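Listed below are the residues making up each chain.
2 protein chains.
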Amino acid sequence: MALIVQKFGGTSVGSPERIASVAKKAATFREKGHSLVIVVSAMSGETNRLLALAHEINPNPEPRELDVLLATGEQVTIALLSIAIAKYHLPVRSYTGAQARIRTDSAYSKARIQNIDTKQIFHDLNLGRIVVVAGFQGIDDKGDITTLGRGGSDTTAVALAAALKADECQIYTDVDGVYTTDPRVVPEARRLNSLAYEEMLELASLGAKVLQIRSVEFASKYNVPLRVLSSFEENGEGTIITAETERMEEPLISGIAFNRDEAKLTILGVPNEPGVAYRILEPIAGANIEVDVIIQNVGQDGTTDFTFTVHRNDYQRALRILKDTSVQLKAREVIGDDNIAKVSLVGVGMRSHAGIASTMFRILAEEKVNIQMISTSEIKISVVIDEKYLEASIQALHTAFNLAKPTG
Amino acid sequence: MALIVQKFGGTSVGSPERIASVAKKAATFREKGHSLVIVVSAMSGETNRLLALAHEINPNPEPRELDVLLATGEQVTIALLSIAIAKYHLPVRSYTGAQARIRTDSAYSKARIQNIDTKQIFHDLNLGRIVVVAGFQGIDDKGDITTLGRGGSDTTAVALAAALKADECQIYTDVDGVYTTDPRVVPEARRLNSLAYEEMLELASLGAKVLQIRSVEFASKYNVPLRVLSSFEENGEGTIITAETERMEEPLISGIAFNRDEAKLTILGVPNEPGVAYRILEPIAGANIEVDVIIQNVGQDGTTDFTFTVHRNDYQRALRILKDTSVQLKAREVIGDDNIAKVSLVGVGMRSHAGIASTMFRILAEEKVNIQMISTSEIKISVVIDEKYLEASIQALHTAFNLAKPTG
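Going down the list, the protein sequences come from chains U and V.
Quick note, the first sequence lines up with residues 1 to 408 if you use full-length UniProt numbering.
Quick note, the second sequence lines up with residues 1 to 408 if you use full-length UniProt numbering.
Isolated chain U (complex conformation):
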């Protein structure tokens, strides 16, 4: 008899058939006696269709009106899903963001939820109704429609779960959970039963794009148990993401994230004096280029070497900027490499176990992989290596840390 918030994304409600299948899932769930709030996105393709209409009329549409336009996408889905659920003779009520009283600030297209008045929803749940809420949207204090921006429906679901003090927030996607690493690289990769919020944040930002970072942060802040499940599978357990303390036994490593979207730039022989890091990175940031890993080493003869990574698409631009900077700073040389990959071990277990890093480095050495950069945080170790060793490295690490074996 739990209270569950479920969220279905655009692909899961992308056609009348898929909507019918979500309704069937809801009916099965309701029959077990659980209370159910369902958050839905716009049907896949709908948001792009609406955006194309707007841009055909005006290349710079008014943000307020764009939100009025886009909000119709989820409104269509809540109505259709409610119509589908009613076929099972179950009482159901749909609500737009405004009707669900999801109050946001007025930052059109990237609004933030401020509070949710749950009175009406609790009233419906008490009457045994399934409540269907439009994700991605809210209303500001002037009564204007707002949208939450990327990943907004996940955020709506988590915010509702927090406000309703739900037992669980279930995010249905096209994968059946979070894996120890990408199964396309390591066939033995295993679905994780559970994960800590922080681990999910590290895994998400490093490439395992299952959940929007913002919704994980939100869930963590309000301690909402978050479960990732497949919308195309019956009876899957998915992966539950909770606070660290709730887990019975910590595995050393939860997963291996990686990406090959980055390039590395190094400026050699920079005078080692205060303000140098700022003078190197400021022009890069000024060109709107995001920097990921940053490393500075003291070199010989009072100079220093400074290395950072950027997205591969920004590599040539960053290289030109860095060469200009190099002239101004009288640096010795600028070198770069866009055939690199980053591999990261993630796990809260690292905190209490020494030797993870040295094991990682040993395994890579045995594979004859040269480590070009190292960067560590409390629950993550990242190395930058030559791209051609990526698969072999991940496979070796996955085996060495026993990730294929269930840890509970």
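Heads up, some of the hints might be wrong.
Copies of the same chain look alike in the list, so a pair counts if it works inside one copy or between any two.
Think about it this way: if two alpha-carbon atoms lie no more than 30 Å apart in a straight line, the pair counts; the simulated BS3-like pairs of lysine-lysine are [what the hints assert, rightly or not]: (1) 110 - 87; (2) 142 - 87; (3) 142 - 24; (4) 25 - 142.
Keep in mind that the hints were calculated from the coordinates and are not lab data.
All values derive from a computational prediction rather than experimental measurement.
Given the coordinates of chain U, assemble chain V onto it according to the supplied hints.
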């Protein structure tokens, strides 16, 4: 410096190009210093697309949810039109029915407007903003989205004009006004500059389908001047529909309406006793057949003849029912004719001028047209004739009553 409410239907906003052209019209209008509230329908085809989606999921969609679904159609249009208007650097605000505080009862799919809180709209108009409102929709006192049913956008426009005490409510359509009769039948048919509400009601119900009856009734009740205009024409004057008293000079006849959708049925030699009309029409009504003209004549030998017209599609069904009734009532005979047409002269001038009917009958006699039925009201005379004389009769009447000559 007038306050004008304009309404554009689905065809007028059916594509990004058409929406751009409505925006241009609005900009021109605003530049003249007028205050402007624009009511729009869903883009043509959109409502049917949404209905098809709903029916694919559930042949009997929940009325509440169907309204949530359909209301998105106009919401898309208000956003797109506002985005188009903003291109002219004019301040603009869109409102859904709920945001415009159009309060209705809870009769989903055929809700009736109860009141409109105009505070926000007046506030916007005072700031020089163009206000764009979704037609066809409102909100009930529980906060549920409702739709107004057929012709709902016209009703929204008239209701807003009444609530705002607008100087005029302009209904843009694909014709440039109301004509003395159908120009396809009488090429000399002339656009009327002005018309009384009652005349429009008679002309509309008799076949000149330009405006929804409900919105004309509404305009009449609140005395809102209503103007019919073409959305595809610049600087057209259209036809203004007002209370009778506001017109300087009454023409005898405003227009000639007609239809050929009806069939005539007669039951002869019915005993002339109380309750006979009821016993004849009750089974017809019970079969959901609508009756238009009804005439009863006293016959010879204490019996009576009873004639009525129905839609031609219902003719065979009505004939079978009437034959059954005839047996029960011991009537002499049942006869019918589905090659008939109805011609109606409409004009408030009739009230104060005798002899209109006799002129009409003389003209038809000169054309050798036999009149089969006559029915009159205060501002209308209808005759039923053989369908083959329809065009000739209308042309002769149009000429005889000088309808081609402007009357002001």
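| field | Hints violated by the structure (listed by number, smallest first) | value | Of the numbered hints given earlier, the structure breaks none, since each of them holds.
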